[in-house]
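Student: As a plain string of letters, each chain reads:
2 protein chains.
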Amino acid sequence: MSDADFLSAAIAEARLGLSEGGVPIGAALVVSGAVVATGRNRRVQLGSAIRHGETDCLENAGRLPGSTYARATMYTTLSPCHMCSGAILLYKIPRVVLGENATFLGAEELLRANGVEVVNLDSAECKALMDAFIAAHPEVWNEDIGEEP
Amino acid sequence: MSDADFLSAAIAEARLGLSEGGVPIGAALVVSGAVVATGRNRRVQLGSAIRHGETDCLENAGRLPGSTYARATMYTTLSPCHMCSGAILLYKIPRVVLGENATFLGAEELLRANGVEVVNLDSAECKALMDAFIAAHPEVWNEDIGEEP
Chain A
1 MSDADFLSAA
11 IAEARLGLSE
21 GGVPIGAALV
31 VSGAVVATGR
41 NRRVQLGSAI
51 RHGETDCLEN
61 AGRLPGSTYA
71 RATMYTTLSP
81 CHMCSGAILL
91 YKIPRVVLGE
101 NATFLGAEEL
111 LRANGVEVVN
121 LDSAECKALM
131 DAFIAAHPEV
141 WNEDIGEEP
Chain B
1 MSDADFLSAA
11 IAEARLGLSE
21 GGVPIGAALV
31 VSGAVVATGR
41 NRRVQLGSAI
51 RHGETDCLEN
61 AGRLPGSTYA
71 RATMYTTLSP
81 CHMCSGAILL
91 YKIPRVVLGE
101 NATFLGAEEL
111 LRANGVEVVN
121 LDSAECKALM
131 DAFIAAHPEV
141 WNEDIGEEP
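Chains as they are written, first to last, in the UniProt record's numbering: chain A, 1 to 149; chain B, 1 to 149.
Read the hints as simulated data drawn from the structure, not as lab findings. Even glycine gets a Cβ: it sits at the ideal position worked out from N, Cα and C. Hints are not guaranteed to be accurate.
[To be verified] Derived contacts from chain A toward chain B, CB cut-off under 7 Å, selection only:
(1) 47
(2) 55
(3) 87
(4) 89
(5) 90
Make a model of the complete structure from these sequences and hints.
Tutor: Encoded structure:
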């Protein structure tokens, strides 16, 4: 399975979130070549302030030992914000593959400065999902990144 | 109400968490002199990888506009880890008051570098709670901060 294949699992979550009325961002946690959990932004669905794609994925993965995170890659459709990057640093996940960072540039430099490998697949599909959502629901998107409407 | 008074609300959550068998770390979000939400580490209680004191508090507060976070102070019994510091940065919370950082030093420098005021009340009560828990359950504590048991 390639990085693009695993990103597809995150994109499927983003599309599921969109179908629920949510922000179309998804994530997948892959350990030793297997998807151990997926997640999606559930701000709208759960009225949540902390369920971004990556954090929802980590929560769905449940309590894992550090040795598992140490072999993991986090796939996410969008550049991870400060909270999600912080979660990646907390658990010492060594690699992040993201769909795009044209819509939103997260804390990639912080990740790299802490030794995390960050790969951007520059996915037109991920960007199109976000462009359409932001055009339709700018106030939800701004809330999701801590900006004023 | 003083910072010490508001920290007491976070300590009460830490003690509640301890009574549930959880990691004794609590938090309170204060806006314009009023506690709008409290939270506690619920790794053990909910089998959660993302419910630290501060993130549980933010989740309990629900979806808030950026203008509310901009007037908030996050009180926490322990120095905030990378994930929780990232959540504070995401929502542009301008001030953090912590109980202690002798047990664990989180991402305080990252917060300060991003303009967040960080105040350490150096609470013996907070430190005693953590010292006792870590002595009794070192494996849970190490899991909570992404370290090997």
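Student: With reference to the structure, classify each hint as holding or not holding.
Tutor: Here's how the hints hold up against the structure:
1. 47: The hint holds - residue 47 of chain A has a Cβ within 7 Å of chain B, the shortest such distance being about 6 Å.
2. 55: Holds - the Cβ of residue 55 of chain A comes within 7 Å of chain B, reaching about 5 Å at its closest.
3. 87: Status holds, d = 4 Å.
4. 89: Status holds, d = 4 Å.
5. 90: 5 Å, holds
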